[in-house]
Amino acid sequence: MVDPSENAGARKARLHLGRGLFFGLWAVFGWYGQFGNARLAEDFGLDPGPGLLPSIVLSILTVGALVLVGMGLAERLRAGPLSIDWAAALRGSAAPALLCLSLAAYLPLIRTMSFVPATVVYSGLLMVALSREQFRVAPRSTLTSIIIGVLVCTALTYALFVYWIGVPLR
Amino acid sequence: MAVFFEFVTQFADIFSNPYMLLLSVVGTALGIVFGCLPGISSTMALAILLPISFSLAPSEAIIFLMAVFSASVFGGSISAVLINIPGTPGAIVTQLDGYPMARSGRAGEALFYALGASTIGGVIGLIALILIAPIVAGAAMQFRSPEFAMATVFGLTLLAYSTPGATFLGILSGCIGLICGMVGFDSLTDVPRFDFGSSALQNGINLVPVTIGLFGIAEIIRNLNVTSESGKTVTRHIGRIIPPWAEIRRLWKAVLRGSGIGIAVGAIPAAGSAIAVAVSYAQEQRLSPRGKDFGKGVPDGVVAPEASNNAAVGGALVPMMTLGIPGDTMTAVLMGALLIHGLRPGPQLFVEHADFVASVYVGLFVAILLTAAMGFLLMKQFIRLMQAPRHILVVAIILLCVIGSFAIRNNVADVGVMIAFSVVGYVMYRLEIPVAPLAFGLILGPILEENLRRSLIVSDGSWMVFVERPIALAMLLLSLAAVLYPVFGALRPKWAKADVGK
Numbered sequence: 434m435v436d437p438s439e440n441a442g443a444r445k446a447r448l449h450l451g452r453g454l455f456f457g458l459w460a461v462f463g464w465y466g467q468f469g470n471a472r473l474a475e476d477f478g479l480d481p482g483p484g485l486l487p488s489i490v491l492s493i494l495t496v497g498a499l500v501l502v503g504m505g506l507a508e509r510l511r512a513g514p515l516s517i518d519w520a521a522a523l524r525g526s527a528a529p530a531l532l533c534l535s536l537a538a539y540l541p542l543i544r545t546m547s548f549v550p551a552t553v554v555y556s557g558l559l560m561v562a563l564s565r566e567q568f569r570v571a572p573r574s575t576l577t578s579i580i581i582g583v584l585v586c587t588a589l590t591y592a593l594f595v596y597w598i599g600v601p602l603r
Numbered sequence: 065m066a067v068f069f070e071f072v073t074q075f076a077d078i079f080s081n082p083y084m085l086l087l088s089v090v091g092t093a094l095g096i097v098f099g100c101l102p103g104i105s106s107t108m109a110l111a112i113l114l115p116i117s118f119s120l121a122p123s124e125a126i127i128f129l130m131a132v133f134s135a136s137v138f139g140g141s142i143s144a145v146l147i148n149i150p151g152t153p154g155a156i157v158t159q160l161d162g163y164p165m166a167r168s169g170r171a172g173e174a175l176f177y178a179l180g181a182s183t184i185g186g187v188i189g190l191i192a193l194i195l196i197a198p199i200v201a202g203a204a205m206q207f208r209s210p211e212f213a214m215a216t217v218f219g220l221t222l223l224a225y226s227t228p229g230a231t232f233l234g235i236l237s238g239c240i241g242l243i244c245g246m247v248g249f250d251s252l253t254d255v256p257r258f259d260f261g262s263s264a265l266q267n268g269i270n271l272v273p274v275t276i277g278l279f280g281i282a283e284i285i286r287n288l289n290v291t292s293e294s295g296k297t298v299t300r301h302i303g304r305i306i307p308p309w310a311e312i313r314r315l316w317k318a319v320l321r322g323s324g325i326g327i328a329v330g331a332i333p334a335a336g337s338a339i340a341v342a343v344s345y346a347q348e349q350r351l352s353p354r355g356k357d358f359g360k361g362v363p364d365g366v367v368a369p370e371a372s373n374n375a376a377v378g379g380a381l382v383p384m385m386t387l388g389i390p391g392d393t394m395t396a397v398l399m400g401a402l403l404i405h406g407l408r409p410g411p412q413l414f415v416e417h418a419d420f421v422a423s424v425y426v427g428l429f430v431a432i433l434l435t436a437a438m439g440f441l442l443m444k445q446f447i448r449l450m451q452a453p454r455h456i457l458v459v460a461i462i463l464l465c466v467i468g469s470f471a472i473r474n475n476v477a478d479v480g481v482m483i484a485f486s487v488v489g490y491v492m493y494r495l496e497i498p499v500a501p502l503a504f505g506l507i508l509g510p511i512l513e514e515n516l517r518r519s520l521i522v523s524d525g526s527w528m529v530f531v532e533r534p535i536a537l538a539m540l541l542l543s544l545a546a547v548l549y550p551v552f553g554a555l556r557p558k559w560a561k562a563d564v565g566k
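For the protein sequence lines, the chains are V and U, in the order given. Numbering-wise, the first sequence is residues 434 to 603 according to this note's numbering. Numbering-wise, the second sequence is residues 65 to 566 according to this note's numbering.
Careful: at least some of the hints might be erroneous.
Claimed, not checked - Computed far set for chain V versus chain U, every beta-carbon distance over 10 Å:
| hint | residue |
| --- | --- |
| 1 | L506 |
| 2 | W519 |
| 3 | S547 |
Unchecked claim - If you want a taste of the chain V side facing chain U, the calculated C-beta under 8 Å gives, among others:
| hint | residue |
| --- | --- |
| 4 | A528 |
| 5 | Y539 |
| 6 | L593 |
| 7 | F594 |
| 8 | P601 |
| 9 | L602 |
Said to hold, decoys possible - What follows is a list of derived Cβ distance ranges for each label pair:
| hint | chain 1 | residue 1 | chain 2 | residue 2 | range |
| --- | --- | --- | --- | --- | --- |
| 10 | U | E496 | V | V549 | 40 to 48 Å |
| 11 | U | R304 | V | V549 | 44 to 52 Å |
| 12 | V | S492 | U | Q451 | 49 to 57 Å |
| 13 | V | S516 | U | R286 | 18 to 26 Å |
| 14 | U | R354 | V | S516 | 44 to 52 Å |
Treat the hints as calculated values from the structure; they're not laboratory data. Don't be surprised by glycine CBs; every beta carbon is placed ideally from N, CA and C.
Chain V extracted, bound-state conformation (with noise of 0.2 Å):
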């Protein structure tokens, strides 16, 4: 993901970077739902106004953010461009995309199939995911721990949130 050769100074540039482009984003995003609404901008008589705080944490971000960028920008012109390996970052961000897009799938499978059939194939398809290089080595017992953790799991969950709480999951 990242260069293994790469000197400190370009790794503190890189983080400093990103961090003021990450704290950047949210200010941006705050702006823009600030001033969007104009009723944040009403006179709240005694009241300072639901404007306020916003306002000020706000601005600590954006002076934050630039501060980081600015640190960024200074580091980098001491370290030297930045050596970054997109290819490799982008290999290691999909593990992690793909968890999330199957957390997102989950519920709109249970919608579809009801709470047990849905648990039982996500659970398995999960777990095989995640035990891929065991199956190479010992693929009976993988397939034996799968098995049974995929009814333990169903069975605590039903048994926790559908069946004790009550959550409409059926």
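Mind docking chain U on chain V? Use the hints.
Chain U in isolation, oriented as in the chain V frame:
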């Protein structure tokens, strides 16, 4: 005396109510199991089990959560001793002497020392909580909106220290939490903020999916490619469990010292158990006659941090219960649970819900007793559980996270929030930005805003209200000092260099 009476009444209530007792037993078992699994911190355990408490009455919920909280702290030491990986941050130094003891065939003894010290430390921490909390709450009764606003600012500033060396980033992370806390209808004017026209956002961002995302799924994403932990073998033969009495008796001073340090450090907002155990270990190494053997498997190096770790639980509850400022991430999640149940921590809690405060004390006491009993009787079973395949544990946690997020309000949007904050948490981890202040900001934001605006309404819009009141001013100055100290700390070497150059 009234506190003692309430304590005894609540204690009798729990032991005469099989359901409450069952909740405490289940919470303790889950706490030890989650605590001993590497990669699951006490905060994560609390966050993913929080939705289960929603269907319970407030006193039942707190009994369950206190059991998870207290037991997971001990659970962390099991993996520290057996596989040299701390299950929780508070067990980070237990492994220094616990693991060498296990390697020399004394794992059972190391776990016995950890359990005994945890129990005594936990009880001492609880006694301190019972004695100190009413005094602090009594003093805080004098607080009005300006003092509460500045106490929240002070708490937020200190909480930004939760990751040493990253105070600036911690403050900015806290700002994101504050902004998230403002999403939805404003409580004083009913004006919607930061909803971007979405009805899902108009109800605000719920704390639970955020904490589940930040501390649950984000941790799983982080560990997706980590195989080293699963590759470590668990010490199966733990040897003798009960050490000789003479050896046990020798350690009482270490336990007392560790407990004292745990209470003091735990009560400082943001200090947390990891700092408490580090201070305690260093202090014990200095004072113990076996100090030079620390790191080679000395029981003193296990009992002092373990007592400190568990005493810090009581210490961390003091600012949370009395001032509404969480002492660490675990108490932040606990505070979120109280808010969800309509109970706002602070001095008024001691006046209006004295029976509930007693439930917290009793819940912690019962959890300590049950942790000792279950830890001793089921030690070998917990060790066996640690050998369960990692893929089963990960999937079980994922299911708990997703269904738990949905179960809060039976709302799919909460699952969306959980996924979004999983990504945010992971990005923050990659950028080495502390995550905990975001959760603190989300919890403390609404309290800060309400008191800030009330103060300004009462003072006709004059900001001098925060300067004219001595307690508010003191906390404002302390907050400024806390913010400026790292800046001067960073500049000092440069100034020194410039002086040398001249």
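Here is what the structure says about each hint:
1. L506: 16 Å, holds
2. W519: 14 Å, holds
3. S547: 14 Å, holds
4. A528: Status holds, d = 5 Å.
5. Y539: It holds, given that the least Cβ distance between V/Y539 and chain U is near 5 Å, below 8 Å.
6. L593: Given a least distance of 7 Å, the restraint on V/L593 holds.
7. F594: 5 Å, holds
8. P601: Holds. Min distance 6 Å.
9. L602: 7 Å, holds
10. U/E496 to V/V549: 40 to 48 Å: 42 Å, holds
11. U/R304 to V/V549: 44 to 52 Å: The hint (44 to 52 Å, Cβ to Cβ) holds, given that U/R304 and V/V549 are roughly 46 Å apart.
12. V/S492 to U/Q451: 49 to 57 Å: 53 Å, holds
13. V/S516 to U/R286: 18 to 26 Å: 24 Å, holds
14. U/R354 to V/S516: 44 to 52 Å: For V/S516 against U/R354, whose Cβ atoms are near 49 Å apart, the range 44 to 52 Å holds.
Checked against the numbered hints listed earlier, the structure breaks none of them; every hint is satisfied.
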